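Here the protein sequences come in this chain order: U and R. Going by my numbering, the first sequence opens with residue 1, and the numbers climb by one from there. Going by my numbering, the second sequence opens with residue 1001, and the numbers climb by one from there.
Some hints could be false.
What follows is a set of in silico ranges between Cβ atoms, one per label pair, in the way DEER data are often shown [claimed, not checked]:
hint, chain 1, residue 1, chain 2, residue 2, range
1, R, Thr1172, U, Pro274, 35 to 41 angstroms
2, R, Phe1152, U, Leu247, 55 to 61 angstroms
3, U, Glu121, R, Glu1159, 23 to 29 angstroms
4, U, Gln96, R, Thr1172, 41 to 47 angstroms
One-sided and incomplete, this derived list gives chain U residues near chain R with beta-carbon spacing under 10 angstroms [claimed, not checked]:
hint, residue
5, Arg78
6, Arg272
7, Cys276
8, Pro309
9, Gly349
10, Gln353
11, Leu355
12, Thr356
13, Pro359
14, Ser362
15, Pro367
No wet-lab data here; the hints were simulated from the structure. Owing to the predicted nature of the structure, the values given are computational and were not obtained by experimental measurement. All residues carry an ideal CB built from backbone N, CA and C; glycine is no exception.
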Amino acid sequence: MNKPDPFLEISLPRRLALAAAPDLAARMPRFLGGPKDPGARFASLRVLFVGCGSIGLEFAQHIARWQVCEIAIVDPKRFKLKSVITHSIPREAVGQSKASYAAKLCKGLSPRTRVFALLGEFAAVPLSRLAGFDVVFLATDNLVVELQVGQVCLALRIPVIQGSVHGATLCGHVRFFGHGGADEPCAACGYTRDEWAHLNRSTAFSCEGWTRPAAVADAQPTLSLGTLCSLCAQLALLQFTKDRLALGAPVRNTILEYCAYTHRAVLTNLARNPACPCEHVVLRRAAPPRPLPDCTFDDLAAIANANNPRVSFEVDSTLWVEQARCKCGEWRSVRKFVDQTGLRLGRCGKCRQPLTAHPFHSHHRVPASALEAARSQSLRDLGAHTVRWVIVRSDDAAVLFLNPNEPSQLNEL
Amino acid sequence: MSSNETITLPADFDLAQLGKVPLDAHHTRMLQLARGTCGGTPAWRRRKEAEAYTLFALAQISKRLAILFVDLRDDIRVHLIMRVPVPCLPDPAGPLRIEPAAELGLVYRQAGVIEPQPGHSVVCLLNPLHAWLANIGPVETGQRICLGISLFAGIRLNELLFMVYRALTLQTAQFDALDSAGVMNPAAAEWWQRNTNRIPLTTENFLSFGASKPPTPTSEA
Chain U
1 MNKPDPFLEI SLPRRLALAA APDLAARMPR FLGGPKDPGA RFASLRVLFV GCGSIGLEFA
61 QHIARWQVCE IAIVDPKRFK LKSVITHSIP REAVGQSKAS YAAKLCKGLS PRTRVFALLG
121 EFAAVPLSRL AGFDVVFLAT DNLVVELQVG QVCLALRIPV IQGSVHGATL CGHVRFFGHG
181 GADEPCAACG YTRDEWAHLN RSTAFSCEGW TRPAAVADAQ PTLSLGTLCS LCAQLALLQF
241 TKDRLALGAP VRNTILEYCA YTHRAVLTNL ARNPACPCEH VVLRRAAPPR PLPDCTFDDL
301 AAIANANNPR VSFEVDSTLW VEQARCKCGE WRSVRKFVDQ TGLRLGRCGK CRQPLTAHPF
361 HSHHRVPASA LEAARSQSLR DLGAHTVRWV IVRSDDAAVL FLNPNEPSQL NEL
Chain R
1001 MSSNETITLP ADFDLAQLGK VPLDAHHTRM LQLARGTCGG TPAWRRRKEA EAYTLFALAQ
1061 ISKRLAILFV DLRDDIRVHL IMRVPVPCLP DPAGPLRIEP AAELGLVYRQ AGVIEPQPGH
1121 SVVCLLNPLH AWLANIGPVE TGQRICLGIS LFAGIRLNEL LFMVYRALTL QTAQFDALDS
1181 AGVMNPAAAE WWQRNTNRIP LTTENFLSFG ASKPPTPTSE A
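Can you build the whole structure from these sequences, using the hints too?
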């Protein structure tokens, strides 16, 4: 019934799981002008880390020390021998998955925290899962991923804190994107022409060195001292602390630059670029009247107040397939939702060969006018048996429907 | 192609001015139809309408394209016929057949404006079937045309059509199955490696089809 969660939960051996955890309050200061319960504000946090290299690993292990509620770590790569130079890892970690190594480290530091690892790309994280996080820490080496994280987190209004370094100038940068609304900046708002060019070349600014195949991406290794990476991570965590505990001046939508040559730090505001080519649309969240597979498009459009002819629907990761085609060239009308992992749609009536969804006649975002009479049928009847989320778009407004039991499903994993 | 109107282009015309070409009545009607259902954010709608306009303008001046429909409801979806030689091999033991036109289906997603897209994800050859090219996938997966490892973010629709033209005519080709870019049809790649004397299928450029030739350049480059 449920779609499999791409994350693996990390558990401890029983004897360690039952061992007493230190009380965070024992080391938590009474911050000047801060709240009375700083520990409690950390305890409820659900944090996602994208990228677990020399900066991301520092993020994760320090957040774990704050004994937060949930940690999830996404990284598709493994440690290499050169990782030892910049990452705070022992040699024994070489060859291990970055995500699972960091997740095990976090679980060991905070047994009360639910810790998840995903040895894969950020794109594999379902929207419904992402919607449950309070903050995303970003330390990726890939501009496309940076762009994807920025776009989806802006849509979900999840703050993103990004750490990056420029080793040659001993500079560290912390960008804090508040993502409070459509008029706030996204990562791409500040992209220069050079950055768009790097994005097009899929440049990876990798902390793995020059070892990745050049055909996959231009690999630019992180040429930096591990200390600078650690320092950048600590600065980012301090910025986050200030935000979470409302300490001092607001830090949302700022970039903090620190240069170790001059020991100067500069804080600059980030602003929305009116010419940004990215979609600055924030998803309004709404509850469906019943489990999503039992809803009709008419139900959802009514709640979303989307009653113009330009409405479109996006149903989880499914495709709306209008027509399928056989190897012999025969077409067949399908008009149903199909999971992208299983695009075979029966056999051809003429030659009995398997039919597959035709890419030209398949929609990920389905215009309402393509559904016609199907709008009054339940999603289940239209082939969408397991639906975690639906987005209803209408011009520049969009509404996200999450299954009513989606958050509790996460807790039961 | 159904238009009987003649549009005279200025002597210094170049493709950067496609957006200023006045459309004939047929293409204007088609554009109005597409605009009537154009959806999405204001920025995406503007982009789609501009792309559609230049597409119709290109069809009008080149006479190589017949636009069957343009759907701007969500993605840009274009069904068109391109007059271009298409090599086909319905019988693996038979001779190569050159078809005179390609029926194409093009889907340009909004993500393509800001993210590089996989080179095989945009254009399908709907007809003829059994195209015999290294960079066209099998019928059962939609005869996707691969235009390279990835397409740069924000690529223009017209640029995609020029790439398709060059790919179908083998004016650009990649046959090396061992190249990291790979091929969609290894047997066709091998066949063309043995028949390089037939490449390209034509040296004619995209705009020099039929009577409506572009203006002669005033000076040689």
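Cross-check of the supplied hints:
For Thr1172/R paired with Pro274/U, a C-beta distance near 37 angstroms keeps the hint of 35 to 41 angstroms intact. Between Phe1152/R and Leu247/U the beta carbons are some 43 angstroms apart, a value that contradicts the proposed interval 55 to 61 angstroms. Between Glu121/U and Glu1159/R, the C-beta spacing of about 28 angstroms keeps the proposed range 23 to 29 angstroms intact. As the Cβ distance of Gln96/U to Thr1172/R is approximately 43 angstroms, the hint placing it in 41 to 47 angstroms holds.
The interface hint given for Arg78/U is violated, since its Cβ lies 21 angstroms from the closest Cβ of chain R, which is over the 10 angstroms cut-off. The beta carbon of Arg272/U comes no nearer than 13 angstroms to any beta carbon in chain R, farther than 10 angstroms, and the hint placing it at the interface is violated. A cut of 10 angstroms between beta carbons decides the hint on Cys276/U: the least distance to chain R is about 9 angstroms, and the hint holds. Look at Pro309/U: its Cβ gets to within about 7 angstroms of chain R, closer than 10 angstroms, so that hint holds up.
Because the beta carbon of Gly349/U sits about 16 angstroms from the nearest beta carbon in chain R, more than 10 angstroms, this interface hint is broken. Evaluation of the Gln353/U hint against chain R yields a held restraint, the C-beta minimum of about 8 angstroms falling below 10 angstroms. The closest approach between the C-beta of Leu355/U and any C-beta of chain R is roughly 8 angstroms, which is under the 10 angstroms cut-off, so the hint is satisfied. Contact between Thr356/U and chain R, as hinted, is supported at the beta carbon level, the nearest pair being about 5 angstroms apart and thus within 10 angstroms.
With a cut of 10 angstroms, the hint placing Pro359/U at the interface with chain R holds, because the nearest CB-to-CB distance is about 4 angstroms. A least Cβ separation of about 9 angstroms between Ser362/U and chain R falls short of the 10 angstroms threshold, and the interface hint therefore holds. Interface restraint check: Pro367/U against chain R, minimum CB-CB distance 4 angstroms, threshold 10 angstroms, status holds.
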